[in-house]
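Construct the complete structure from the given sequences, taking the supplied hints into account.
Residue 87 in my numbering sits at position 87 of the sequence shown, and the numbers go up by one each step.
If you are wondering where the hints come from, they were derived from the structure by calculation, not from laboratory data.
Treat the hints with care, as some may be off.
Computed beta-carbon distance windows for the label pairs [unchecked claim]:
(1) D157 <-> L130: 15 to 23 angstroms
(2) Y120 <-> A7: 37 to 45 angstroms
(3) L71 <-> S91: 34 to 42 angstroms
Quantities reported herein were computed from a predicted structural model and do not represent experimental measurements.
The C-beta atom is built at its ideal place from N, Cα and C for all residues, glycine as well.
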Amino acid sequence: MVAVDAATAVELLSRPVSATDEAVRRLRHALSRSLAAEGIADDLIGALEEVLSDQPALPTPDRFRRWTDGLLVHLGLPLPRRLPPAAAPLSEEAERRLLDRFRRATRHLIEVIPHRVTVYPTAEVRSLLLLCDGSPAEGEGLSYLRRYALAILAVLDLMGDDA
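Next up, the structure:
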């Protein structure tokens, strides 16, 4: 680090820098590649998996259901259709933590998107920003977080998978 007096700094800052200057172009390219290479943090991937995974709220099937299912399989008959188990609700603390993580990821994605895509995804970014600025209604936290996670995944998909 070099110390520069005020007069030298004013002179250096007042010099015109052309767009054709090779050093400036190399620096600009290196900085944009560095920003784009930051990638996506592992904790964001973990938060997305936590929100989008199905954590059953119902207990495991009872013994009779397992016995009848085994009998139907033994006889070569199809199993009856059943509704998927309901997802376990998130605690308020987990909702706040995930919402905060998604908002930080949104700010990061907004900075990185221009460097990683050829055509700016206006609709995807708009929906991402609407979710970032909003908040879930009472009792709708999990569905709100799932919509938010899907919006983040849509933007990540457009950015490519080299992050």
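Checked hints:
A C-beta distance of roughly 18 angstroms is found between D157 and L130, which places it inside the suggested range of 15 to 23 angstroms. The supplied range of 37 to 45 angstroms is met by Y120 and A7, whose beta-carbon atoms lie about 42 angstroms from each other. For L71 and S91, the Cβ-Cβ distance of about 40 angstroms falls inside the hinted range of 34 to 42 angstroms, so the restraint holds.
Against the hints set out earlier in the document, no violation occurs for any number.
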